[in-house]
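> Here are the chains, one letter per residue:
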Amino acid sequence: MTSTYAVLSEGLEKRFGEVHALRGLDLAVAPGTVCGILGSNGAGKTTAVRLLTTLLRPDAGSARVAGHDLVREPEAVRRAIAVTGQYASVDGDLTGRQNLRLFARLHRVRGPAERAAELLDRFGLTESADRPASTYSGGMRRRLDLAASLIRRPEILFLDEPTTGLDPASRNLIWDAVRDLTADGTTVLLTTQYLEEADQLAHDIALVAKGRVAHTGSPSQLKALIGAHVEIVVADADVLAKAAGVLDQLTGAEPSFDHVRNSVGAVTRDTTLTLPRLVRELDAAGVPLLDASIRPPTLDDVFLRLTKEVAA
Amino acid sequence: MSMLAHDGTAMLGRQLQRIRNTPGLLILTQTMPITMLLFFGYVFGSALAMPGEEYRSFLVPGLLVATAANGIMTGMFQAAQDVHRGVTDRLRTLPINRAAVPLGQSVADVMVTAAGMVPFLLVGLAVGWRVEKSPLQAVGALGLLLLFRFATTWIGIFLGLLTRSEEAAGQLGGATFILPLLSNAYIPTEGLPGWLRTLAEWNPISAVTTALRDLFGNAPVPEGAAWPVAHPIAGSLMWCAVLLAVFAPLAVRRYAHGEG
Ligand SMILES: Nc1ncnc2c1ncn2[C@@H]1O[C@H](COP(=O)(O)OP(=O)(O)OP(=O)(O)O)[C@@H](O)[C@H]1O
Ligand SMILES: [Mg+2]
Chain A
1 MTSTYAVLSE
11 GLEKRFGEVH
21 ALRGLDLAVA
31 PGTVCGILGS
41 NGAGKTTAVR
51 LLTTLLRPDA
61 GSARVAGHDL
71 VREPEAVRRA
81 IAVTGQYASV
91 DGDLTGRQNL
101 RLFARLHRVR
111 GPAERAAELL
121 DRFGLTESAD
131 RPASTYSGGM
141 RRRLDLAASL
151 IRRPEILFLD
161 EPTTGLDPAS
171 RNLIWDAVRD
181 LTADGTTVLL
191 TTQYLEEADQ
201 LAHDIALVAK
211 GRVAHTGSPS
221 QLKALIGAHV
231 EIVVADADVL
241 AKAAGVLDQL
251 TGAEPSFDHV
261 RNSVGAVTRD
271 TTLTLPRLVR
281 ELDAAGVPLL
291 DASIRPPTLD
301 DVFLRLTKEV
311 AA
Chain B
1 MSMLAHDGTA
11 MLGRQLQRIR
21 NTPGLLILTQ
31 TMPITMLLFF
41 GYVFGSALAM
51 PGEEYRSFLV
61 PGLLVATAAN
71 GIMTGMFQAA
81 QDVHRGVTDR
91 LRTLPINRAA
101 VPLGQSVADV
111 MVTAAGMVPF
121 LLVGLAVGWR
131 VEKSPLQAVG
141 ALGLLLLFRF
151 ATTWIGIFLG
161 LLTRSEEAAG
171 QLGGATFILP
181 LLSNAYIPTE
191 GLPGWLRTLA
201 EWNPISAVTT
211 ALRDLFGNAP
221 VPEGAAWPVA
231 HPIAGSLMWC
241 AVLLAVFAPL
251 AVRRYAHGEG
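Chains A and B, in that order, give the protein sequences.
Each residue of the first sequence is one higher than the one before, starting from 1 at the first, in UniProt numbering.
Each residue of the second sequence is one higher than the one before, starting from 1 at the first, in UniProt numbering.
Chain B on its own, in the form it takes in the complex (with noise of 0.2 Å):
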């Protein structure tokens, strides 16, 4: 376990650091849901039935998950650039802890997610989000969020070392794109015709987004859903427990055995 925590920190100081070597990727993808959060939240704000200070508060949480989600394709790539640089085969002739690769770049992506945060959230402070119920609900919903990270980052990783394809990462990040169209990340889903709204509630990104809606006191959780929205927080742990128990031993494998 100690091991485990020696090798982990050790990759977790690379990942930091060769995101401080090449800033550029980084402020892309921060820059991105801040992006969405103006073109959506005034573009389609309008076009709402809701008003648009009201859809804004409502659009904040469900980016901060949309953005989470994207850990898959942040994870899958960095897994399969290392493959493909070689840098994996070398950590996986060195004596050392088979989790602590996979572990450390988990745990990094974790950090730089919630360094992110920090500047979408004062744009929504500034376009009219607020947390409107205790700080301590507040840090409950990051802190949801961040775990949620986690575990989409290890299905990433999972991806990244069996396609073993910085390109395949790329296609597979627009695919992930459609991920929260599926949600109620962006619009309400009590609108949707019935087995859509199942589908739309079904996806850990709806619960994970209700959950943060109703932490902050941006929007109370919809009657009649199904029960991972209905029982947001429940829900969420829940998915996040199943993703994290179906994909870190997965990737953890098949970081240990390398392509046979």
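Extracted from the complex, chain A is given alone in its bound form (with noise of 0.2 Å):
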């Protein structure tokens, strides 16, 4: 049977002797879509890419990556797949085209000398092609290893925190790579640390906590599982107890009191709580009101919220 999923994995396990790293990861990604791992540190992230992209062996658990058995056919996996690391994996004593031009030639591809032209070109890299990498500023090791994983476009790319210590330039770089091989039609699971990242370029993320995959879902899904955040302001604190009745009304959820600013908050997972509304209810109310506000919450109060859970 020929699975539906670019990655799945059930039940993904691995110990460093006494350091239990991945606990049973279950993942599914879907072909042509990004899914973004975020995870605190330690959480397992580089573990897991690790394990999919054949570099580690599980203890338990099995997987099949571009319909291939992990364990079983590492060699087809390896053919489908390309890896960018955490850490920076080109040659220092190399200069950039001498090292494009090597993956290129174990990637049989014809012409390996335009091939790596091309890349050095489309990541910025053509002026400093021909000295050591070694020489190389972080930034552009970085960009480098990513044209590296791109010799080819693989059925699936898999990027451990690609944009690290990148400056706005180069992630934009990065970011539009990527971009156009899930338009190419290639599935990429890139793990990061910040959210934004995760925001713009995720289809679905998947929030490691501790070795298994505490929650999944778009980035709306899992903003919409913490709910906005509502605040009133209100012009003198005799009103505020009459606010926040309204307030408990509209969203059944704990009023929290700020007596300095005169406000009064609560979080709402209702979608249907629309400014305009929460305007119209507090002046039906009589609410002598100044301001009014409704946040949808980012993905870091979904990442701080749900890691903390999981911790709890």
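Everything labelled a hint here was simulated from the structure, so no lab data went into it.
Among the hints, erroneous ones may be present.
Unchecked claim - Anything over 10 Å on all C-beta distances counts as not near chain B; from chain A, calculated:
no.	residue
1	Tyr87
2	Thr182
3	Phe257
Said to hold, decoys possible - Not the full set, but computed from the structure, chain B residues with beta-carbon under 8 Å of chain A:
no.	residue
4	Asp7
5	Arg18
6	Asn21
7	Thr22
8	Pro23
9	Arg85
10	Val87
11	Thr93
12	Leu94
13	Pro95
14	Ile96
15	His231
16	Glu259
The structure presented is a predicted model; accordingly, all values stated were derived computationally and were not measured.
Glycine included, every Cβ here is placed at the ideal spot set by N, Cα and C.
Reconstruct the complex from the two isolated chains, following the hints.
What follows is the structure, given as structure tokens:
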């Protein structure tokens, strides 16, 4: 049976001595999508990538990558994937150009020199192409690393924190590359610490905590899990209780008071609560309103809340 | 097989490119045996019973083999460096033959060793060393030397992939310096006490050194030596075969499996 997922893992486990790095990772990535793996330091993101790219063997569980069994058909998996790891993996003793030519040759690309020149140009490395890669800045190495993964278009691309430490221009370059790839049908699995990155690129997010997937969903689904933050600022302290009453009626959530700013807030998952409706209800109740806002949660809120839940 | 040849050649090209980009280390490793030849040849030579020139002729094959044995250190260092820099990981995610990477490394190393022999032998000629037998036998001697280097490099690659540490490679480099001291590379083993002599003569370096001295015609095969030294060519071939049969599969397996 061929799987309809580009990556499908069930109960993947990996131990390093005492450390139980993965405790049953279940992951399903649809073809042609970008899956963002979010998680705090040590959550197991890199371990997951190393397992799925055949660099490590799982202690338990199974996975199919591009329809091939990870353990039984590693060669077939390797033919379908490309990987850019968390740490640079190009040869510092070779120049950028020599690195790309070597990988082009190993991929049996016709015209390795032309392919290398093309990629150097695309990733803004033409000027430094003939210097040893060890003299590159961190961001340049990162770009060379990604270029080396794109010698031929992979079916599935794994990126472990591809933009950590990059300046905005380099970051955009990499984001554009990811978007171009998915437009051409490549599946991308990327880990990141930057929630904005996941928000920008990922169709689906898997929140990993303590070696397991704690939550999955699209960025907006995950945000909906948390709910929006509603805040009302009133003119004087006497009506604060009245305002809280309205808010309670509307959201059913425990209100929190800020007596310095004369404000009351609550969190709601009710997506029908719009700002006009909020203002109308408050006005009808005779609350002298100074300011009202409904702020959608950021992925940062999601990340902090959900990782805290797992830790508790 | 053609896959192995293709990938191995690409990896070989990479090693040679690396050396061309950073020639400093190569120059250093090549000057070492020349320095030792001059130092040992003139300082020790004057203290030994052997006449100076005769000792220097005796020393040239010994230093060639001692230098070849450094393949353990070089192989280990390069393999550990690749692991450390993440290059090994990237290569391991490519659909290439599992033996191509270590094979490319070892063949490149043999080629560099062959090139490095030229200046050393020129200095040897300058201090009195000669090929006393036929050119064919001399070529055989050099072939045996390179085969030995090929074998020691595989030991190094295995150890480098095992320890994954450049520091460990550096430490072990110091330790491999001992190996030729426990052989007939610098001194004849005939004068050693019984058990030490046996130990030294079962050192692979002794068999290869004796074979070289025999094929170049620098010194006769010693009387009453242990089997590998008494039959130096067969002994050398036996050692190379054993080392390769053990360490080449271990290295390839280690490369294929990574850290677990
Ligand atoms: N080779 C190893 N040997 C021992 N422990 C390891 C090894 N690799 C990972 N670990 C441990 O496994 C756990 C998960 O590590 P992993 O690198 O997968 O985390 P991560 O989510 O990628 O973290 P980060 O965001 O810091 O990159 C950590 O506790 C780590 O110390
Ligand atoms: Mg990581």
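> Each of the hints needs a verdict: does it hold here or not?
Now the hints, each set against the structure:
1. Tyr87: Per Cβ check, tyrosine 87 of chain A is inside 10 Å of chain B; nearest 5 Å; violated.
2. Thr182: holds (20 Å)
3. Phe257: It holds; phenylalanine 257 of chain A is separated from chain B by about 53 Å at its closest Cβ, greater than 10 Å.
4. Asp7: holds (6 Å)
5. Arg18: holds (4 Å)
6. Asn21: It holds, given that the least Cβ distance between asparagine 21 of chain B and chain A is near 5 Å, below 8 Å.
7. Thr22: holds (5 Å)
8. Pro23: Violated, about 11 Å.
9. Arg85: holds (6 Å)
10. Val87: holds (5 Å)
11. Thr93: holds (5 Å)
12. Leu94: holds (6 Å)
13. Pro95: holds (4 Å)
14. Ile96: holds (5 Å)
15. His231: violated (42 Å)
16. Glu259: holds (7 Å)
Violated hints for the displayed structure, listed by number in ascending order: 1, 8, 15.
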